[in-house]
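Protein chains in written order, with my numbering: chain U, 1 to 294; chain W, 1001 to 1279.
Don't read these hints as lab results, they were simulated from the structure. The reader is advised that the hints may include incorrect statements.
[As the list claims (entries may be wrong)] In silico BS3-like cross-links for lysine-lysine, where the CA-CA straight-line distance does not exceed 30 Å: (1) Lys1178/W x Lys134/U; (2) Lys135/U x Lys158/U; (3) Lys271/U x Lys16/U; (4) Lys16/U x Lys1131/W; (5) Lys158/U x Lys1147/W; (6) Lys271/U x Lys282/U; (7) Lys16/U x Lys34/U; (8) Lys34/U x Lys158/U; (9) Lys34/U x Lys239/U; (10) Lys135/U x Lys1131/W.
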Amino acid sequence: MTDFISIESIARRYPKAGGGETTIFEDLWFSMNKGEFSCIIGHSGCGKTSVLNMLAGLELPDDGVAVVDGRAIEGPSLDRAVIFQSHALLPWRTVLGNVSYAVSSRWREWSSDKVREQAMRFIELVGLKGSESKKPSELSGGMKQRVGIARALSIEPKILLMDEPFSALDALTRGTLQDEVRRICLDTGQTAFMITHDVDEAIYLADRIVLMTNGPNAMVAEIVENPLPRDRRRIDLHKHPDYYALRNHLIDFLVSRSRSFKDEIPEGYQKRHPPVVRPTAKPTAPGDDNRQVA
Amino acid sequence: MSQNLTLRASVLSLLILSLFLITWHIATRGSTSVASMDPEYAKLMGLTATTGKSAMPGPLDVAAKIWEHLRNPFYDRGPNDKGLGIQLAYSIGRVMLGYLIAVAVAIPTGFVIGMSPLMSRALNPFIQLMKPISPLAWMPLALYTIKDSSISAIFVIFICSLWPMMINTAFGVASVRKEWLNVARTLEVPPFRRAFTVILPAAAPTILTGMRISIGIAWLVIVAAEMLVGGTGIGYFVWNEWNNLSITNVIISILVIGLVGMLLDQALARVARLVTYPD
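Just need the whole structure built from these sequences, with the hints factored in.
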């Protein structure tokens, strides 16, 4: 199988204060398919953001390589759009100005009318029509993040990278934005990769969830396949028979296994091929802790 | 409430002004008694001693003189008798020329220093050494090398305006938020476009602060520089009127220097408001 995104043996190391190096992670492998929504979950300091920055091309791995669509990442690219945690809008530009800036960077030969048209299309998509001439300082946190989403989508990237995009928002706004991101990604078949701390967010949005153990020396413990149907809706999510199996599995990982995984590495564990797990309501083999190796 | 505050502040300002003017008027009215003296001796002593009137002019004398200047600001009766307007124009011209050359040098240099940690480290000792030098200390060197007093004054303005602008530009450029630069990087914005679309607007408020500090210093320095080089300018005018013992004109010059300095600062403050962005 040729994976759309393939992370191959990447490492991130920092020099220690007293000499030597701290290895945040090394020999990290996992892959993603086209049109798939992946989330990565792990505690602070496990290097999630480094992984995302390497995919964005903002950081280069100290070892190994990240491959997208058959080509190694050597720097940032307009094929990979980033939605930043802090929205990172340019405060001296209007909503339209911020989105147009991205559009005109993507298609430099476009006329200003065409740029404007494309920008407006995505401003409408995120529901900000009528606010296009406002400055970011006049917008609420949720609206700012919508502009960030519109800016990222407007360049029609192959991959959408999100670094905890909703963590600074209140619960209601977060829910609405999750709905919208999910709708847009499903409609357009957008490949997306997102960092999150929020288990419910991962369950709702992700097709596959990458579990990272605690750093330093973090590892990909396993890749969890979401057993819930693709047409899941937020309101009846929790009624699905597999919901609690999945949720318990993720919480169990975050609470205890993210710490203890290192000391009790399961037999047959290969860094190069982290086990793929699909938690379901019925244990398929006794004593297998709801896990099924695919 | 704030309108009320503005009103009260203006009333208080006017009150302080009138108190000052009244005190000034009373203090210079000339109440000292006239000592009786030999007429020959009285001639040597001057008006102060013989009429009991202070040589320090009162507010009314100054006001009358100001009116005179305002009616004819641009007359030119030889090198030692030019209108106040002409003298001011010379000073402002010199400041503008030196200042604009400094802007043209300081902002690009500051950009380079701010962008490159190497250049920042390499140039830092020079800047730290040059910054505290009184601009007037350059004057002899400038006169010797340039051999033209007017251009030397412009050079002194240039050198004193340079440092605050350069340091502020470097600081503003170096402290552009990383996330904004990352936005430009992920959008593959080429370096030149990035400099003008992200770094310059982000650093503009800091740069403008440096420009404001510089114009203030330049205006302070031009007066001293013109006292040294002589010939024309408001600084020369002050010194010339002191030699003429016209305290009235000296006071008027002081007022005018303050007024022009304030206007220069306010003009830049207005520009700064245009480029400031709310965060």
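Pair hint outcome, Lys34/U versus Lys158/U [Cα-Cα no greater than 30 Å]: holds (9 Å)
Holds or violated: are the alpha carbons of Lys1178/W and Lys134/U at most 30 Å from each other? Within the cut-off at roughly 23 Å; holds.
For the pair supplied as a hint, Lys135/U and Lys1131/W, confirm whether the alpha-carbon distance does not exceed 30 Å. With Cα atoms ~38 Å apart, Lys135/U and Lys1131/W exceed 30 Å; violated.
Assess, step by step, whether the Cα of Lys34/U is no farther than 30 Å from the Cα of Lys239/U, and give holds or violated. OK: Lys34/U and Lys239/U at ~29 Å, within 30 Å.
30 Å limit on alpha-carbon distance, applied to hinted pair Lys135/U and Lys158/U: Holds, at roughly 28 Å.
Check the hint pairing Lys271/U with Lys282/U against an upper bound of 30 Å on the C-alpha distance. Given pair Lys271/U, Lys282/U holds - Cα atoms ~28 Å apart, limit 30 Å.
Is the Cα-Cα distance between Lys16/U and Lys34/U 30 Å or less? With a Cα-Cα distance of about 38 Å, the restraint between Lys16/U and Lys34/U is violated, given a limit of 30 Å.
Is Lys271/U close enough to Lys16/U, meaning Cα to Cα at most 30 Å? holds (25 Å)
CA of Lys16/U to CA of Lys1131/W, is that 30 Å or under? violated (37 Å)
Against the 30 Å threshold, does the CA-CA distance of Lys158/U and Lys1147/W hold or violate the hint? Between Lys158/U and Lys1147/W the Cα gap is close to 66 Å, so the pair fails against 30 Å, i.e. violated.
Taken one by one, the earlier hints fail for this structure at numbers 4, 5, 7, 10, listed in ascending order.
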